[in-house]
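9 is the number of the first residue of the sequence shown in my numbering; add one for each residue after it.
Calculated from the structure, these hints are not laboratory results.
Among the hints, a few may not be true.
Said to hold, decoys possible - In the BS3-like style, the derived pairs of lysine-lysine whose C-alpha atoms are separated by at most 30 Å in a straight line are:
| no. | residue 1 | residue 2 |
| --- | --- | --- |
| 1 | K442 | K246 |
| 2 | K520 | K204 |
| 3 | K263 | K204 |
| 4 | K222 | K389 |
| 5 | K204 | K474 |
| 6 | K264 | K196 |
| 7 | K232 | K158 |
| 8 | K354 | K134 |
| 9 | K158 | K520 |
| 10 | K134 | K341 |
| 11 | K232 | K204 |
| 12 | K312 | K222 |
| 13 | K354 | K158 |
| 14 | K222 | K204 |
| 15 | K263 | K246 |
| 16 | K415 | K232 |
| 17 | K247 | K263 |
| 18 | K312 | K232 |
| 19 | K639 | K570 |
| 20 | K639 | K571 |
| 21 | K158 | K312 |
| 22 | K312 | K354 |
| 23 | K120 | K312 |
| 24 | K415 | K120 |
| 25 | K264 | K510 |
| 26 | K232 | K264 |
| 27 | K571 | K594 |
| 28 | K627 | K134 |
| 29 | K331 | K161 |
| 30 | K263 | K232 |
| 31 | K594 | K331 |
| 32 | K222 | K263 |
| 33 | K594 | K627 |
To be verified - Restraint ranges, calculated between C-beta atoms of paired labels, are given here:
| no. | residue 1 | residue 2 | range |
| --- | --- | --- | --- |
| 34 | R159 | E249 | 47 to 53 Å |
| 35 | E441 | E334 | 54 to 60 Å |
| 36 | E439 | S282 | 18 to 24 Å |
| 37 | N274 | G508 | 47 to 53 Å |
None of these values were measured; they are calculated from a predicted model.
The beta carbon of each residue, even a glycine, is placed where N, CA and C say it ideally should be.
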Amino acid sequence: MAILASACQRQATRLLARNAVSGRIPALSATRDVTVATTPFSYKLRGTTAARTITTQTQQPQTRTTAPRYQALSQVQAVTPRHFATMSTPETTQPYRSMQSSGSTEPVWTHKLPWNQIPEFPSLDKDLETDIAIIGAGIAGISTAYELVKRGKQVTLIEARNVLSGETGRTSGHLTNDLDDGFVEIAKKHGEEGAKQAAASHAWARDRIGEIAKELNIDCEYRKLPAYDISQFPVGEKKHEDELKELQEEAEFQKKIGMETRFDPNLTVRGWASSIDQRGGMVADNQATFHPTRYLVGVLNWLKSQPNFQCYARTRVMDVKEKGIELLGMGHKTVEITTEGGHTIKAENAIEATCVPLQKLSVITQLEFYRTYCIAVRVPKGSVEDCLLYDNAEEYKYVRLTECDDKDDYLVVGGCDHKVGQEETLPRFDELEKWTRERFPQAGAIDYKWSGQIFEPVDYMGFIGKNQGNDKIYIITGDSGDGLTHGVLAGRLLADEIDGVKNPWAELYNPKRVASIMKSLPSLVSHDLQINAQYKRFLQTDIQDIEDLPRGCGGVLNKATKKPVAVYKDENGNVKQFSALCPHLKGVVCWNHVEKSFDCPVHGSRFSKEGICVSGPAKAGLSPADEAGEKEQVAAAA
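All chains should be built: construct the whole structure from the sequences, respecting the hints.
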């Protein structure tokens, strides 16, 4: 698929250039929301798939397969320079948040644990050797470090920015083995045994967090509670009946593979408004939730006290290579890691717990990249049932409670996913608020709004194990919207594999698996074509003139005679310019109004307003295009 993607990319670029010269491509507007029709592509599933037609702004009909719980909004709001002045979203006043978080918004977890209470670690200033090097200090990296340190391994944890600065701190804190894709669909790709192992592995991870929190005495709001899956339609509509039948089928299958699931035709949620009757649904008992960053800070504090653990932050890895030869039981391979600062780490094994592997293609072509959104709304304490809640909509919503103060709880409502860099971001919060207030009339002030990133494998299961073509380099990627349990189960799976212990989940998550990927080939090819269509941005511009760009906003200036430039104008009117070409595979980035970042629509890399890389697969930041951009980037990384 890597060869196919590369070929498609070259061909798409040639066709776009040829058609532009010949006049076959119509004049493009100054907005980034111009789309072209491509081959139908498949989104992840929750229950039965359904086809629908959406119309792009070029008025070309495009049919695609959609899924109830992971689907982009069909209507895209065009954003032109005149709209910029009215756009606002909560933003920190700290000048260089890019080292603390992958976005400018504040997640609700900072209410109880501000950024300045997260442990700090030094940057690497020397060469070193270690048993195992783990790249990435989110839940996957920290959980894997914990499991390996407990087994006596010498572990070095490395983070490009500050620890917990990635997607872990921007989740909604659900811990469940009621996986988003649905086990009826998972079984179609992986068989009934594969579905059973998926349920068992995520259940183990859900419970493992509780065990560790108890063992280390971590106050992180961990608790067991039920999860409810309900129809998106009200009682009385035919679609409500259809979705309840799907949920009943899912409940019966989940019970068959050993899950604590049942169907309740009269299910109601305490605190839900009676005016919108979405009664009935599936109940998954014994699920859990917690405060993710408080939990992981507790684990980090324990790790800091262990003699066989060390951690280096603000240490960006630029290359990971195997060295040596092993053949027929002879010879020895090691891993050599090179950092941006020029230091070398030699390890027996390396684990890339970086959300996306630090490489060009390979497994990356088997992933889809999404943005997801959350709000935290005050509700009177005890007025809403403490549960996990999911509706079955295409732009599905997910709900939970977390602590606020003595008077209120926070109702955390998320959803409205869309592919990275391919749709407008700001309207998502309005939709979440509208949905929440219609169903929970006791909802008060919205104190927090934030977004995060999700990595969807085409066959629904993540990739955990030896990277393709490697014996000593392991990867953890493809969380499929269940990144918290995915990261924790990865710790056990990789610790077992490195120790030579047979793990029953290994084949399901094997990055080198073939059968389930082949079953996903049609959607994989369609996805590749859709991704390659994003190179159309070589012919688009977001802004016509830097003077028209409001303060606190960014955009791409694309003059026909020059390469596209990513421009950011700060609140003081100072302008910084960077190359708009993503260092990964030269996609043209888009401005993300919510997180004040430049996002690549090709493979999901993201860059702060200073051009710092905050999410891979890119390793480097955007190249400064002027002196102001260079100074800003140096200051942000200092």
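Taking the hints in turn, this is what the structure says about them:
1. K442 <-> K246: Answer holds: K442 to K246 is near 24 Å, not above 30 Å.
2. K520 <-> K204: 20 Å, holds
3. K263 <-> K204: With a Cα-Cα distance of about 10 Å, the restraint between K263 and K204 holds, given a limit of 30 Å.
4. K222 <-> K389: It holds: about 25 Å lies between the C-alpha atoms, which stays within 30 Å.
5. K204 <-> K474: Given that 30 Å is the threshold and the Cα spacing comes to 22 Å, the pair holds.
6. K264 <-> K196: Holds, at about 15 Å.
7. K232 <-> K158: 26 Å, holds
8. K354 <-> K134: With a Cα-Cα distance of about 12 Å, the restraint between K354 and K134 holds, given a limit of 30 Å.
9. K158 <-> K520: 28 Å, holds
10. K134 <-> K341: Cα-Cα ~22 Å, so holds.
11. K232 <-> K204: 21 Å, holds
12. K312 <-> K222: Within the cut-off at roughly 18 Å; holds.
13. K354 <-> K158: The given pair, whose Cα atoms are some 21 Å apart, holds under the 30 Å limit.
14. K222 <-> K204: Status holds; Cα separation ~27 Å.
15. K263 <-> K246: 26 Å, holds
16. K415 <-> K232: The given pair, whose Cα atoms are some 22 Å apart, holds under the 30 Å limit.
17. K247 <-> K263: Status holds; Cα separation ~24 Å.
18. K312 <-> K232: 29 Å, holds
19. K639 <-> K570: Holds. K639 to K570 sits at ~23 Å (cutoff 30 Å).
20. K639 <-> K571: At roughly 21 Å apart (the allowed maximum being 30 Å), K571 and K639 satisfy the hint.
21. K158 <-> K312: 13 Å, holds
22. K312 <-> K354: This hinted pair holds, its Cα atoms lying about 21 Å apart.
23. K120 <-> K312: 22 Å, holds
24. K415 <-> K120: With a Cα-Cα distance of about 15 Å, the restraint between K415 and K120 holds, given a limit of 30 Å.
25. K264 <-> K510: This hinted pair holds, its Cα atoms lying about 25 Å apart.
26. K232 <-> K264: 22 Å, holds
27. K571 <-> K594: Measuring from Cα to Cα gives roughly 11 Å; hence the hint holds.
28. K627 <-> K134: 20 Å, holds
29. K331 <-> K161: Roughly 21 Å separates the two Cα atoms, so the pair holds.
30. K263 <-> K232: 19 Å, holds
31. K594 <-> K331: Distance of about 29 Å is within 30 Å: holds.
32. K222 <-> K263: Since the Cα atoms of K222 and K263 sit roughly 29 Å apart, the hinted pair holds (cutoff 30 Å).
33. K594 <-> K627: 13 Å, holds
34. R159 <-> E249: 47 to 53 Å: 52 Å, holds
35. E441 <-> E334: 54 to 60 Å: 57 Å, holds
36. E439 <-> S282: 18 to 24 Å: Holds, since E439 and S282 (Cβ atoms, about 22 Å apart) stay within the stated range.
37. N274 <-> G508: 47 to 53 Å: Distance hint for N274, G508 holds at roughly 51 Å.
Hint violations for this structure: none, all hints satisfied.
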